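So the protein lines, in turn, are chains A and B.
Using the working numbering, count along the first sequence one by one with no gaps and you end on 624.
Using the working numbering, count along the second sequence one by one with no gaps and you end on 584.
For the record, the hints were derived by calculation from the structure and aren't laboratory data.
The structure presented is a predicted model; accordingly, all values stated were derived computationally and were not measured.
Any given hint could turn out to be false.
Which chain B residues face chain A? A few, computed with CB under 10 Å, are given here [as the list claims (entries may be wrong)]:
hint, residue
1, ILE44
2, ARG78
3, LEU204
Beta carbons: idealized from backbone N, C-alpha and C, even for Gly.
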Amino acid sequence: MRIWNKQLSGLVKQQKILFYLCIGFGLISAGLFLIQANILSQIVSGSFIDKRTRSELVPLLLSLILVFTLRGFSSYCSDGFAKIMAAQIKNDLRKAFFGKITRINPVRLKNMQSGELITLFLSGIDDLDRYFSEYLPQIIFALSIPVFYLLFVFPRDALSGIILFVTAPLIPVFMVLIGNRAEKLTQDQWDNFSRLGGHYLDTLRGLVTLKVLSQSKHYARTLEKINDEYRLDTLKVLRVTFLSAFVLEIIATISIAIIAVEIGLRLLYGTFSFQTAFVILLIVPEYYSPLRQLSLKFHASNKGVAAFQRLSEFLGIEEWGNVVGASLEGDRDKAENLKDILDNSFVIRFNQVSYQYPERNVPAVSDLSFEFNKGQHVAIVGETASGKTTLVNLFLKFINPGSGEICINGLPIKDINVNQWLSHIAYVSQRPYVFSGTIAMNVAMENGLVDEDRIWKALNRSQLDKWVQSLEHGIFTQVGEDGFRLSTGQSQRLVLARSFFKDAPIMVMDEPTSAVDPETEMFLQNSHRLLAEGKTVLTIAHRLATVYQADIILVMKNGSLIERGSHSNLLAQQGEYFDMVKHYGGVA
Amino acid sequence: MRATIRLCKFLIPYSKWILLSTSLSFAAVAAGIGLLGTSALIIAQAALKPPFSALQLGIVGVRFFGISRGVFRYLERLSSHSINLKFLADIRLWFYYVLEQLLPSQQINFQKGDLFARITADIDTLEDLYIRIISPPITAILITVFVALFMGRINPQLTPIILMGMMMGGLLMFFVAASVTEKSGAKMIKLRGEFSRMLKDLLDGNEDVHTSGTWQKKINEFSIVNDGYYSLEKDSALQRGTTTFLSIFIPGATLLGILWLGLELVDNHQIDGITLAVLTLVTIACFEAIIPLGSAGEVLSKINQSAERLMLLNSTNHVIIDAGNLVPTEFTGEIKVENLSFHYPGEINCVLNSIDFSLVPGKLTALVGPTGSGKSTIVNLLLRFWDINEWGISLDGIEIHKYQLADVRNQFSVMSNSSYIFANTLSANLSIANPSANLDEINSALKLVNMYHWAMSLPDQLNTWIGENGWQISAGQRQRILLARMLLRNSPVMIFDEPTANMDAISENRLWSDIKPVLKNYSVLWITHRLVHMDDMDEILFLSKGSIIERGIHKDLIEKEGAYFQMWNIQNKLLIYHGESED
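One chain only, chain A, in its complex shape (with noise of 0.2 Å):
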């Protein structure tokens, strides 16, 4: 852990007023502080020497009064603008943080823990508030405000100028050698947090397993001792880190005893006057103050600075395109035409297509090349990880081939942006995602105006229609996450009926692997008919009767294309596809 983290702070620069403005206030908060001392320091010493009534000191009362809402004000402001500031910088994180997620190809995006995303953005961006609000400003004060106050009291009494010269700079070189011993601590400390945060975590998620192997409350034990040791270990470490708090406390503490004792005895023997003696007094203990805040802000925004670095790690992930407006490489003149192309006869064509994953070192597909026709039904197969999944992607654009080419009559589909060439595009993915909102939203796929009886006819067609009558607000009933549960079934429908309703031309779909009940079954392979009527079909197929029906199966396996054709020939071919047909589907 750094006192000055380079890139957190380089985030500030765009909010260069407001941390201008906050450092301000606290500056003058701070001279206010000063006048507020002298003040006080002129009404104690104006009735103890001069023998002044109160009716006397009354103007002294009110300014009094003043300086004490005027700084209670600037430090309303300087708090304020802080906060606003991390309000600002947080607002531009998350503004980030969601552009990012457009911008990272799905693909990738898919071997993220979304669980641990969601934590990171709703957590993590949070705890940079303190960072910002509190710790940042405060180096800033811990910097100056002493100087400001030397300055204030070297003049009056340089004795007291000098001790408080001297030990000032004491607090650092004690704090850091003490710190240095304590960071070593703190970062095992941490390591042993996590490790029983860690331990305690999963031994939660393994309760139900500890049961049924009636352990659960023998491993109670197990617990209760981790426990106990890390609280041991904790107090070793907390000893050593609560001693840069005592060094900082022992030194404020006797510097003003030595300070009251040392004008004291200058007041007594000397002609050092009592106001001065009283204001130095009054200083003494706020001159240490902000450095104190300093070493109590340092330690509460280390979370945020643990979360940044996953944060900065998220933001530098490389971007697949930006989505939303034209594609990087995509080219709006050659895409224009595309719908002329998919309303007339076309011919897409994999021109030896090969792709590797940036992480892995063997390619996923290499040399790939088949064509289809407009209204083709091609079905794909093949053992796990034989490249069907990458190959339905580079169809997706979801990632671009690292040679070779797709084209759709000889158009490379890199050229064409993302968004139009999805947009003639329905894909059915094997696990249905159903999204919060209502049945009326996740068919359309959009709010506002919706063309309600398009949305009725797509959910007829899924066989959803009947159901959804029944609900009580029709197809604006909520769905997903907070609204109502849909069974596995129900969810196939739903996103079935998104695919009816897109009526797009070229249909993408994987086909679910384990069967599931017949009357489901039946369902899914009827409107698997359905949607590929009159449509070109590109399906990662699962099921026989899909293959069957298919006019060109492309056999698999890895990441090559071993067998091309329809299924009676294949079967002749007595290859790969007649022994995985036999093997599995005891059909011959």
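Position chain B relative to chain A; hints supplied.
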């Protein structure tokens, strides 16, 4: 708030420590007041130029207070953190027991988010409970009383002013801070919920968002929520500034009150100027005990929410009555289920309807049927995770509730989807099933499941760390480790609940050929929705909507051409892999 108070009862065992720590905290603040008070005393006395001896008491005072304050503060920190750590450890353990009672109840939705991670985060939040919520008010009260008494001795008229200033000030700061966070807190939680929902949609439904071309809409939605959140934060920034303002204004106003009266008292010669100087600094110093109340108010609502969530789970009580006292000599593992029906409390629909079957050593029984037909409920009932009124399950001829609970559960070993591999060593993961198992037994269990050579090839053999952040194991290896765990447990009845889920067909075949020979001495219940190796089964039960609608051996069921046949047929029309495709 009520939940927080209830959690405070965990602090009762440490009341002596709390007494110590709050005394130290009081002493530290009091020493600070003493330091400034005596400092003022010294210079005020010195101003009157008395003989040096008159200052000596004050000098001793500042020296004492100057040193003791740091020491008190240091000890106070250690003691309060020690209490805090003990308190958190107790909460963790208590909550472990709460969950231990509850699981695996059907009434908590553990799938929604990661409940467990949330619980641990909630417990961590309670870290602030003692240090920031309990301790500061006690110190504040003690200091207020102390200062009020001190000033009362100087002049009784001072008491109401200082009491007003400290008490009202403290309460005001606490409640202003609490109400600000409470008010904006509720709105923020709502918006955070929106954020979380929105992000989940975007992340988990990412491909659909891309293909449906709805980015612009999603971005607009996000902007609305984000703007709302941002303006809430800006509002709360200004409200937070209010607390800062109060922390300067209240001490100022109180000081003014003291001065106003003090000056009059000096004018009337009721007190001297020295006292006035001391009063001024004492008033400034005593607010050290009051200022932390603002931050107490700030964290209160967060702690309340965490406490409420924890207590909510605690109140979902579901207790299995362990009233049986029959101690069996030796179980043979014969299970008879007769006319078993079950519905969850509060629900009308029966999950299970007149189920009959028996498990006998050496017999393989398969329980098959579509998802949601009630297969897993049968396991929960066999293991008595749920109690039922009409008992229909007997073990060696005696109804299971007449035995002790632990004895019943010890007769079963279970492998299911939720079987957990702990973040621990391989041997710890195995011996958890039987803490008394020795190395030979562990090794022979591994050999039986064909994992011995694999284990020996690991970097640290049996001491290799597996589970989260540990050595990566495949689905097949995982199931074999779980099987070895079952074997070590040496219970007569083995239950497999979807053991081949997430496995591809080839691994599934291999696993079965490894398992099959091992099973012959046990009573086995094989639960699955995948109809493979069914011809090895001695009896197949086809469960549909809570009832067994067909039973028999594979050949007969196929010939019958009923529901089983239909399901078999569909499955055979599937090509290959049933696992998740990972390419």
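Against the structure, the hints:
Because the smallest distance between the Cβ of ILE44 (chain B) and any Cβ of chain A comes to about 5 Å, under 10 Å, the interface hint for this residue holds. With 10 Å as the threshold, the beta carbon of ARG78 (chain B) comes within range of chain A, its nearest partner Cβ sitting at about 5 Å, so the hint holds. At its closest, the beta carbon of LEU204 (chain B) sits 4 Å from a beta carbon of chain A; the interface hint therefore holds under the 10 Å criterion.
Checked against the numbered hints given earlier, this structure breaks none of them.
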